[in-house]
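Position chain H against the provided structure of chain P, taking the given hints into account.
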Amino acid sequence: MRVIRGSKQTAFENAVGDCLDDLYRYAYWLCRDRWQAEDLAQETILRAWRSWPGLREHRAVKGWLFTILYREFARSASRRRLNTVSDEDLLMEPEHHVDPGLALDLNRALRGLGEDSRNALLLQVLGGFSCAEIAQVLGTSEGAVMTRLTRARQALRRALEPEERGREAKES
Amino acid sequence: MNCLELRRAVLADPRRVDTQAMQHAEQCAGCMEFLGQALQSEAKLASALRVAVPEGLRARLLDRTAASRRPVRWLALAASLLVAAAIAFFIGSPKPDPLALAGINFVVFEEAQAIADAKPADPAVFARVAREMGLSLPEQLGEVNYICFYPFAAGAAHHALVKTPLGKVTLLLIPERPLAARAIAAAYGLEAAIVPAAVGAIVIIGESGRSIGRVETLLKSI
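Chains P and H, in that order, give the protein sequences.
First residue of the first sequence: 44, per the numbering used here; consecutive thereafter.
First residue of the second sequence: 545, per the numbering used here; consecutive thereafter.
Incorrect hints may appear among the rest.
[To be verified] Below are the DSSO-like pairs computed for lysine-lysine, each with C-alpha atoms no more than 30 Å apart in a straight line:
#, chain 1, residue 1, chain 2, residue 2
1, H, Lys639, P, Lys51
2, H, Lys712, H, Lys663
3, H, Lys663, P, Lys105
4, P, Lys105, H, Lys588
5, H, Lys663, H, Lys764
[What the hints assert, rightly or not] Label pairs and their calculated CB-CB ranges:
#, chain 1, residue 1, chain 2, residue 2, range
6, P, Pro96, H, Ile659, 14 to 24 Å
7, P, Asp159, H, Gly600, 26 to 36 Å
8, H, Pro642, P, Ser50, 13 to 23 Å
9, H, Ala668, P, Leu147, 39 to 49 Å
10, H, Ala656, P, Gly186, 23 to 33 Å
11, P, Arg93, H, Gln571, 47 to 57 Å
12, P, Leu89, H, Lys639, 26 to 36 Å
To be clear, the hints were calculated from the coordinates, so they are not data collected in a lab.
Predicted model, so just to flag it, every value in this text is computed and none were measured.
Built from N, CA and C at the ideal position, the CB exists for glycine as well.
For reference, chain P alone in the conformation it holds in the complex:
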């Protein structure tokens, strides 16, 4: 399909273009399904496009996009329109990961985290957001985000690094 782009469209594309890959990855790890992730990213971009004329602080566009995606995911999940893949039924597709073995381990470890901790971690690692920015996206306090991130990293270390498990066992 050939589309005609105006100056508004070009400005929008320039602003959001650099965020699309990370936005998709965030969606992917939220719903852990490539097709649903792309739908979620698509819905996010359409919503962002509709609200674009009202956004004046274009430097904050990445946080804005991630916020829209998170809300869209939460809304869709609550309406059960978007069926997140259950942990038991999850079928990873190794060819889509740089390191398939690590991805499987990571997926298992992420499943062990609470949703809040997992979400904060994804926003920080994929979005590059600070604790204060994540607090704004999730509508919580910065302190709560720091606690979630600390717990998440400790749990991941235990799950992904066997020597860490051994050390903690000895210490206890």
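Same frame as chain P, but now just chain H:
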């Protein structure tokens, strides 16, 4: 900074370790090792999360925005703006302030969705932001419901609804928006005022200038 504080900071955000923490790590071998391991783990985690992006994703996502059309909404908006502009021209009203107008557009087009989307927000956060902006939230104001922190024209705003005796009023607190002077706008049967606070600006949207004026007076009653 001590070892415990450094480890807390590193676990919360290893890629944003501040100067104080770095100075401590340089003098503490254990913490330096901890920091090094945390950064290694972080790199490994980032690499594992970076799944391959489907081919052609960018084009698919962006082409649909270029192809999307929302004629009804935009025609309605254009028609309303035209009517507002014509009225302003004929009665010689001052030009509506764009940010106040954006506040009205937010209430008309986005507010309902924002409320539907929002998770329960902590009223203490709203009270803190108001305090930091030099605003008062007296009981006479009415019941205040904090909705969320929301992307808005000037960057981001704390969005709240106030049930006043004169009707519903929407408040948008924008701490990072300095403002020199009060300005107003009217559209879609609503009125809005953007007023300077000690820190930042407030957009107040309501059905009448009287309800807006009441809220403004009470907010500034410190």
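A quick look at each hint next to the structure:
1. H:Lys639 <-> P:Lys51: 24 Å, holds
2. H:Lys712 <-> H:Lys663: 21 Å, holds
3. H:Lys663 <-> P:Lys105: This hinted pair holds, its Cα atoms lying about 20 Å apart.
4. P:Lys105 <-> H:Lys588: Satisfied, since the Cα-Cα distance of roughly 23 Å is no more than 30 Å.
5. H:Lys663 <-> H:Lys764: Holds, at about 29 Å.
6. P:Pro96 <-> H:Ile659: 14 to 24 Å: 21 Å, holds
7. P:Asp159 <-> H:Gly600: 26 to 36 Å: With a Cβ separation near 34 Å, Asp159 of chain P and Gly600 of chain H satisfy 26 to 36 Å, so the hint holds.
8. H:Pro642 <-> P:Ser50: 13 to 23 Å: Once the Cβ atoms are compared, 19 Å apart, the range 13 to 23 Å for Ser50 of chain P and Pro642 of chain H holds.
9. H:Ala668 <-> P:Leu147: 39 to 49 Å: 42 Å, holds
10. H:Ala656 <-> P:Gly186: 23 to 33 Å: 31 Å, holds
11. P:Arg93 <-> H:Gln571: 47 to 57 Å: For Arg93 of chain P and Gln571 of chain H the Cβ distance comes to about 53 Å; the hint holds.
12. P:Leu89 <-> H:Lys639: 26 to 36 Å: 32 Å, holds
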